[in-house]
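Undergrad: Hey, can you work out the whole structure from these sequences and the hints?
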Amino acid sequence: MSRAALVISFVLAAATVARAADIPLDQRRSDSDFISADTRAMQNDDSANPAMLVVLDGETLWNTKAGKTHQSCADCHGDAAKSMKGVAARYPAFAAEFGRPIDLEQQINLSRVTDQKAEPLAFESKELLALTAYIARQSRGMPVAVKDDAQAQPFIDAGRAIFEQRQGQLDLSCAQCHDDNWGKKLAGNLVPQAMATGYPIYRLEWQEVGSLQRRLRNCMSGMRAEPYDFGAPELVDLEYFLMWRARGLAMESPAVRP
Amino acid sequence: MARALIHVPATAKKGEIIEIKTLISHVMETGYRIGVTGVPIPRDIIDDFVCTYNGEEVFHATLYPAIAANPYITFFTVATESGTLAFSWTDQHGATQVQTAAIAVE
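Chains as they are written, first to last, in the numbering used here: chain D, 4 to 261; chain B, 3 to 108.
Honestly, I wouldn't trust all of these hints.
[Claimed, not checked] Here are some, though not all, of the chain D residues that point toward chain B, as calculated from beta-carbon distances under 7 Å:
hint : residue
1    : Leu56
2    : Leu113
3    : Gln210
[Stated by the list, open to error] To give an idea of the chain B side of the interface with chain D (calculated C-beta under 7 Å), a few residues:
hint : residue
4    : Arg5
5    : Leu7
6    : His9
7    : Thr13
8    : Lys23
9    : Ser27
10   : Ala70
11   : Ala71
12   : Tyr74
Simulated from the structure, these hints should not be mistaken for laboratory data.
All C-beta atoms in this analysis are idealised placements derived from N, C-alpha and C, irrespective of residue type, glycine included.
TA: This is the structure in structure tokens:
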């Protein structure tokens, strides 16, 4: 083995061992800090943020009767501006029905099935995204506050394991970009810290609104890894870890991202 | 009917330059994309947008396939008199959606 190859293999070996720790709490920044000023302005102006069209659809659905009980969300929960304030900041959350955490989309479907006696909505369907965006909008500006008690901890830990696990043909972990190299450039874009405070997001690349699970599956395809299916427990664990990691940061839903 | 968001100042001074913002939900499908089955997705776009101020045309735009989904069109006009601003979007099939906003000019 040549000297250069030895040096390279040593550097690679060191890289696999050395990994920066979690981002210190006071150095965490919203992903909005890593987007262009134009995109940020679009996000913060309700008359320019295209996700607000979906939020309005969600408001209509909130008041639409559904299922065998012929009840709307509003019939039980009343005014979402009051009853749903802060809710999205607390999800994923443990659901006794499943014996594990579920995310906001799954909670909406749980309520549809058990309370409204309606069919669950498909992941990434317009209706489910609209309801999720409308509910999440009610938490804008509120601090992320998912539970991290003993019941939740194993799932947060499982999410962390996926976040730190190298995967795919590129042999990358989420942490290598978002913990170790945030603020640097990947192609033309700044690598954000992956603080999932703005979901569902309007992504300019998608030209539509999408969920955090869709975004995570995107990242996994980018790493040439096999993405988990929508609703997979692994994805929810990862969502839980990301929200715990963003604890205390302000909710921005629905955010606009490049 | 597509969902539209319009922002017009409720009041303005006579002669003031006012900013108007409009956003409408539309897929703006270019016609150049191929679907999962290998068949091209047909073009479906809004191709015309007009704003009239008390019946007088103050802004007109022709849209093409390069415009992104959910077209956001913003422009300025001069507040001349109290009345109604009417916005109309017409798609390539000829279907038109009209929405109005009132303005009070002092």
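Undergrad: Compare the structure with each hint and give your call.
TA: Okay, the hints, checked on the actual structure:
{"no.": "1", "hint": "Leu56", "result": "holds (4 Å)"}
{"no.": "2", "hint": "Leu113", "result": "violated (27 Å)"}
{"no.": "3", "hint": "Gln210", "result": "holds (4 Å)"}
{"no.": "4", "hint": "Arg5", "result": "holds (5 Å)"}
{"no.": "5", "hint": "Leu7", "result": "holds (6 Å)"}
{"no.": "6", "hint": "His9", "result": "holds (4 Å)"}
{"no.": "7", "hint": "Thr13", "result": "violated (17 Å)"}
{"no.": "8", "hint": "Lys23", "result": "holds (5 Å)"}
{"no.": "9", "hint": "Ser27", "result": "holds (4 Å)"}
{"no.": "10", "hint": "Ala70", "result": "holds (6 Å)"}
{"no.": "11", "hint": "Ala71", "result": "holds (4 Å)"}
{"no.": "12", "hint": "Tyr74", "result": "holds (6 Å)"}
Figure legend: structure checked against the earlier numbered hints; hints not met, in rising order: 2, 7.
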